[in-house]
Amino acid sequence: MQVVPTENVLGGPLQTCGRDPLTGFYRDGCCETGPDDVGTHVVCAVMTAAFLAFTASRGNDLSTPRPAFRFPGLAPGDRWCLCVSRWKEALAAGVAPPVVLEATHQKALDVVSLDDLRAHAAA
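The opening residue of the sequence shown carries number 314 in the numbering used here; numbering runs sequentially from there.
These aren't lab readings, by the way, just hints derived from the structure by calculation. Incorrect hints may have been included.
[As the list claims (entries may be wrong)] Cβ-Cβ distance ranges computed for the label pairs, FRET-style: (1) Thr329 x Phe382: 18 to 24 Å; (2) Ala362 x Phe384: 25 to 31 Å; (3) Gly386 x Asp341: 27 to 33 Å; (4) Glu320 x Pro348: 16 to 22 Å; (5) Asp333 x Gly407: 24 to 30 Å; (6) Gly372 x Glu320: 19 to 25 Å; (7) Ser370 x Gly325: 31 to 37 Å; (8) Ser426 x Asp333: 17 to 23 Å; (9) Pro411 x Thr319: 18 to 24 Å; (10) Gly325 x Ala381: 35 to 41 Å.
For every residue, glycine included, the Cβ atom is placed at its ideal position computed from N, Cα and C.
The whole structure should be built from the sequences, with the hints applied where relevant.
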């Protein structure tokens, strides 16, 4: 049986999102997903102060460290695999963080358009 590599939203191989801090639902540095990832953490985003404040206001504080969960807390500039639904919500609110297209899983396209992702592509 041949293994098929996971694709990004551009149709290429999924690249690493971030290792410092270590991101991904499976904490492997990639925005991979699977049946137990109910949040669909597939958007590789570069954190901004505006987005971190927005997500905290929605009950998901990503800035505060949580050592019990081996979570260091995020700061602007950190890369993180976000739930695609939260990214879409931030998009509607005008605070969507930049996206690393090569590290964003193709599954994101089930919820958001490639055009919206490209419009917010990280430089």
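*asked:* Quick check: does the Cβ-Cβ distance between aspartate 333 and glycine 407 fall within 24 to 30 Å?
replied: holds (29 Å)
*Between serine 370 and glycine 325, does the beta-carbon spacing fit 31 to 37 Å?*
holds (35 Å)
_Cβ distance range 35 to 41 Å for glycine 325 and alanine 381, holds or violated_ = Given range 35 to 41 Å: holds, Cβ gap about 37 Å.
*Regarding glycine 372 and glutamate 320, is the given constraint of 19 to 25 Å on their beta-carbon distance met?*
Between glycine 372 and glutamate 320, where Cβ atoms are some 32 Å apart, the hint is violated.
*Honestly, do glycine 386 and aspartate 341 meet the 27 to 33 Å range at C-beta?*
Distance hint for glycine 386, aspartate 341 is violated at roughly 20 Å.
*Is the hinted range of 25 to 31 Å satisfied by the C-beta distance from alanine 362 to phenylalanine 384?*
violated (19 Å)
*Has the hinted range 18 to 24 Å been met by the Cβ atoms of threonine 329 and phenylalanine 382?*
holds (21 Å)
_Range first: 18 to 24 Å. Now tell me if the beta carbons of proline 411 and threonine 319 are that far apart._
Holds - the Cβ-Cβ distance for proline 411 and threonine 319, about 21 Å, lies within 18 to 24 Å.
*Could you check the hint for me, namely that glutamate 320 and proline 348 are 16 to 22 Å apart, CB to CB?*
holds (18 Å)
*Just tell me: holds or violated, for the beta carbon distance of serine 426 and aspartate 333 against 17 to 23 Å?*
With a Cβ separation near 30 Å, serine 426 and aspartate 333 fall outside 17 to 23 Å, so the hint is violated.
Figure legend: structure checked against the earlier numbered hints; hints not met, in rising order: 2, 3, 6, 8.
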